[in-house]
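*Asks:* Go by the hints and put chain B onto chain A.
If you read the sequences in order, they're chains A and B. For the first sequence, our numbering assigns the number 1 to the initial residue and increments by one for each residue that follows. For the second sequence, our numbering assigns the number 1 to the initial residue and increments by one for each residue that follows.
FYI, nobody ran anything at the bench for these hints, they're computed from the structure. Think of the CB as a built atom: it goes at the ideal place given N, C-alpha and C, for glycine as much as any other residue. One or more of the hints may lead you astray.
[Unchecked claim] FRET-style restraints, in silico, Cβ to Cβ:
id : chain 1 : residue 1 : chain 2 : residue 2 : range
1  : A       : 53        : B       : 98        : 17 to 23 Å
2  : A       : 16        : B       : 110       : 33 to 39 Å
3  : A       : 18        : B       : 97        : 31 to 37 Å
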Amino acid sequence: RKEVEQDPGPFNVPEGATVAFNCTYSNSASQSFFWYRQDCRKEPKLLMSVYSSGNEDGRFTAQLNRASQYISLLIRDSKLSDSATYLCVVNWSGGSYIPTFGRGTSLIVHP
Amino acid sequence: DAGVIQSPRHEVTEMGQEVTLRCKPISGHDYLFWYRQTMMRGLELLIYFNNNVPIDDSGMPEDRFSAKMPNASFSTLKIQPSEPRDSAVYFCASSFGGADEKLFFGSGTQLSVL
Numbered sequence: 001r002k003e004v005e006q007d008p009g010p011f012n013v014p015e016g017a018t019v020a021f022n023c024t025y026s027n028s029a030s031q032s033f034f035w036y037r038q039d040c041r042k043e044p045k046l047l048m049s050v051y052s053s054g055n056e057d058g059r060f061t062a063q064l065n066r067a068s069q070y071i072s073l074l075i076r077d078s079k080l081s082d083s084a085t086y087l088c089v090v091n092w093s094g095g096s097y098i099p100t101f102g103r104g105t106s107l108i109v110h111p
Numbered sequence: 001d002a003g004v005i006q007s008p009r010h011e012v013t014e015m016g017q018e019v020t021l022r023c024k025p026i027s028g029h030d031y032l033f034w035y036r037q038t039m040m041r042g043l044e045l046l047i048y049f050n051n052n053v054p055i056d057d058s059g060m061p062e063d064r065f066s067a068k069m070p071n072a073s074f075s076t077l078k079i080q081p082s083e084p085r086d087s088a089v090y091f092c093a094s095s096f097g098g099a100d101e102k103l104f105f106g107s108g109t110q111l112s113v114l
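So that you can see chain B by itself, here it is in the shape it has in the complex:
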């Protein structure tokens, strides 16, 4: 398996533009997580899905953020409109779930909003 695949690796955009981040989890994993990492706040859980269903989105900062998982092999995180404070590295991770299951992370998307 190729692991968790995220795209794009880097995104530079201007304030007010829509940004869409993409993730393909490892086949067979039931759980998909979106995290955001900044120097100030570390790794923050934004939202997670179980079997394509959003379970907890309490970490999503505000209504400008939305996430979908239309099928087991694809998820998107959208920011509309983007703001400079959204600049961060966004990681997608997947796992089988369960207490002892480890997370497998994608390489992340480095987002810069100018």
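One chain only, chain A, in its complex shape:
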């Protein structure tokens, strides 16, 4: 199965800090990319898609580097409520588009 690798962390940062996560993927034929957020004991939910040109949603910025096969997520001005696990997801085409999840990066934002 195709691999998606993430640093598990935890990343422990103070409120207001900027933090960045990376994710690498092994399948060069991967088609689309996403970041999901998972709160403790909850289901994963889509945070944002990742587009080739990079994209921003408020305090969150996602980047894609196809040549090096990695995606990144930057969180500016961290809030306590950002504490969660961030899952990198890669869709690769095996006929259908199959979402493959990284193991997630844990973020803890403290006062």
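*Replies:* Chain B only, in chain A's frame:
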């Protein structure tokens, strides 16, 4: 729409018992996925269906696991017999399919096999 609905939320059973997990996907979604999540292995894809047909079950750990989707609004994941190492959170997710489509997850079933 109520979203993806899974039942039960929690299941505690003894080793050797049969366990059946249930999922109702979002109406109109063509794809249904079963994932298992553990601390050690993260989210693993077990099997997925397209238009009720199983497409890839290579993630199913062994023959003790089986999944069915008798119609577009219902799927089951069965473990028989269950073992303690099957303890995990099992998520069902559905989507329209396609490269840019996001997954919608159910709340999961927390399975504990004693």
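*Asks:* If a hint holds in the structure, say so; if it does not, say that too.
*Replies:* These are the hints, each one checked on the structure:
Taking 17 to 23 Å as the suggested C-beta distance range, the pair residue 53 of chain A and residue 98 of chain B conforms, at roughly 20 Å. For the pair residue 16 of chain A and residue 110 of chain B, the supplied restraint of 33 to 39 Å holds, since their beta-carbon distance comes to about 35 Å. Separated by about 36 Å at the C-beta atoms, residue 18 of chain A and residue 97 of chain B satisfy the suggested range of 31 to 37 Å.
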